[in-house]
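Engineer: Full structure from sequences and hints, please.
What follows is the residue order along each chain.
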Amino acid sequence: MRKGHGPARLDRSILLLCGLALTFVVIPFLGFCAEAAQAAGVSSLTLIKRFLPLFAKGTWLTVLISVLSMVLATGLGLVLALLRLYGPRWISACVVGYVEFMRGTPLLIQLFFIYYGLPQIPYLGIELDALTAAVLGVGLNYAAYEAEIYRSGIMAIPRQQLEAALALGLSRRQAIRFVVIPQALRLVIPPVTNDFVALFKDTSIVSILAIAELTMTFRSASMATGRYVEFAILTALIYFGLAYPLSRLARHLEKKVHPHHDFGAQHH
Amino acid sequence: MISVRNITKSFGPHRVLDNVSLEVARGETVVLLGPSGSGKSTLLRCIVGFEQIDGGEIEVDGIVVSADLPACLQAERFHEIRLRCGLLFQQFHLFPHLTVLQNLTLAPIHVRKLPREQAEEQALALLEKLGLASKAYMRPGKLSGGEQQRVAIARALAMEPAYLLYDEPTSSLDLERAREIWKLMGDLAQQGQAQLVVTHQYELANQLPCRVVRIPEGRIREAELSLFLLNGSQGN
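Protein chains in written order, with numbering that gives the first Met the number 0: chain A, 0 to 267; chain B, 0 to 235.
Hints should not be assumed to be uniformly reliable.
[Stated by the list, open to error] Once the Cα atoms are required to be at most 30 Å apart in a straight line, the calculated DSSO-like pairs of lysine-lysine come out as: (1) B/K141 <-> B/K112; (2) B/K141 <-> B/K128; (3) B/K141 <-> A/K255; (4) B/K182 <-> B/K128; (5) B/K141 <-> B/K182; (6) A/K254 <-> B/K141.
[Unchecked claim] Residues of chain A placed beyond 10 Å of chain B at every Cβ, according to the derived structure: (7) F111; (8) I120; (9) L139; (10) R218; (11) H251.
Since the hints were derived computationally from the structure, they do not count as laboratory data.
Glycine residues also receive a C-beta, built at the ideal position from the N, C-alpha and C atoms.
Structural biologist: In structure tokens, the structure reads:
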């Protein structure tokens, strides 16, 4: 029943989306293009065509920053979650502090601090290029969120799984590594994918470090030509075109993980 | 030999085990029979160190853990004890992310440090013996309850434990499946596998060549248990 139900709902949501896009984006845009072409001499399409290579480069940078920071966030997040759950009390307390601080302060301020603040610290003076600062800033920030996701995933694995592994003679460390973590990872794939979508959009904030990623490209292109509408729509479409399939993937993975929730044995 | 001497265990103000003693010799099968809530599962969990004992001592093949031993030393010795005792649960607790075969080889590869091929060969032979060869590459979630418990027994046997400890092994199975497991346990008893079975299913005691220790309503108490140990009836 689920199988028949899924695609039907998917079709309807895509139809609705196309309808919305047609009403609010495409039709006004076409009207605007015609008008603008008359007024300014240069048609919108020509304009976009001219700037397309720049936008391609910006898109590439946005994707690069997203992927690198996500790798950092997921890797560090797992380490943080493990330290919080299994580490000595003082380390666990430090991790809680880190997570709360990163989640409780704006990403913008963190980025400013890493890029402009670190070089000014006496004796330390760490100078980073903008791209490294961006990846580090976004990655360290999201690591706090990922750590919480991993933690909830690990805590969702029944304690008896750990005991069954210990009963077989595995050490605590082996039991966590071979039994608990692999099961927890499967549980967290959907929420982590969801977070990747959010991170992808949040990278627009690193444009304040003068990195020519997608948002920065939009700003310079529109400032240079004074044509905000065309470029805003183009930029939004690129973001959406990349983020939407990802969020669909997250939804799909969620459905895949939950029916098979065969922790299993105990539900029989 | 498993030897439990005068152990006590409380959960808060509730004393679950009160000065309990019990012995299981090598090659012997002992069924600890009693109603639920009588503390028999707790006793099993104490033997493998899943519950901390408040008093008394536990000895398995010369490895002694007493309540007053420092925690780190206790952890170390309980790990040694777990290498000698296989534990079976009412709810099986197979690893759902691994295939049946991987469930069996995980501990031999990482604990006994067997090469993967050898561990798999041994595991496949065990599965064959228990009539599970066709399930080797399936996930536990696809198996019936009875099959899952047989896989769990195979998984424990793969570590070649001196003792198998069962915590209500067939309570979640229907009678038909339970009988299959009892038959398997009987075969193991005949082969000289030492087993300690905790259950409230009286039929089980009749199915196994074993010594039966009965626990009446309520908590296990020294007098009661010793009495029943002395009078332990020889079932068949």
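Engineer: Run the C-beta distances from A/F111 to all of chain B and say if the shortest one exceeds 10 Å.
Structural biologist: holds, 43 Å
Engineer: Is the straight-line distance between the alpha-carbon of B/K182 and that of B/K128 30 Å or less?
Structural biologist: At roughly 13 Å apart (the allowed maximum being 30 Å), B/K128 and B/K182 satisfy the hint.
Engineer: Compare the distance between the alpha carbons of B/K141 and B/K128 with 30 Å, and conclude whether the hinted pair is satisfied.
Structural biologist: Satisfied, since the Cα-Cα distance of roughly 20 Å is no more than 30 Å.
Engineer: Closest CB-CB distance from A/I120 to chain B, is it above 10 Å?
Structural biologist: holds, 41 Å
Engineer: Can we trust that A/H251 is non-interface, i.e. its beta-carbon lies farther than 10 Å from all of chain B?
Structural biologist: holds, 20 Å
Engineer: Going straight from one Cα to the other, do A/K254 and B/K141 come out at no more than 30 Å?
Structural biologist: holds, 19 Å
Engineer: For B/K141 and A/K255, compute the direct alpha-carbon distance and say whether it is at most 30 Å.
Structural biologist: holds, 16 Å
Engineer: Just checking, A/L139 versus chain B, shortest CB gap more than 10 Å?
Structural biologist: At roughly 30 Å from the nearest Cβ of chain B, A/L139 sits farther out than 10 Å, so the non-interface label holds.
Engineer: With the threshold set at 30 Å, check whether the alpha-carbon distance from B/K141 to B/K182 stays at or below it.
Structural biologist: It holds: about 23 Å lies between the C-alpha atoms, which stays within 30 Å.
Engineer: Does B/K141 pair with B/K112 here, judged by a C-alpha cut-off of 30 Å?
Structural biologist: Within the cut-off at roughly 29 Å; holds.
Engineer: Measuring Cβ to Cβ, find out whether A/R218 lies farther than 10 Å from everything in chain B.
Structural biologist: holds, 47 Å
Checked against the numbered hints above, the structure violates none of them.
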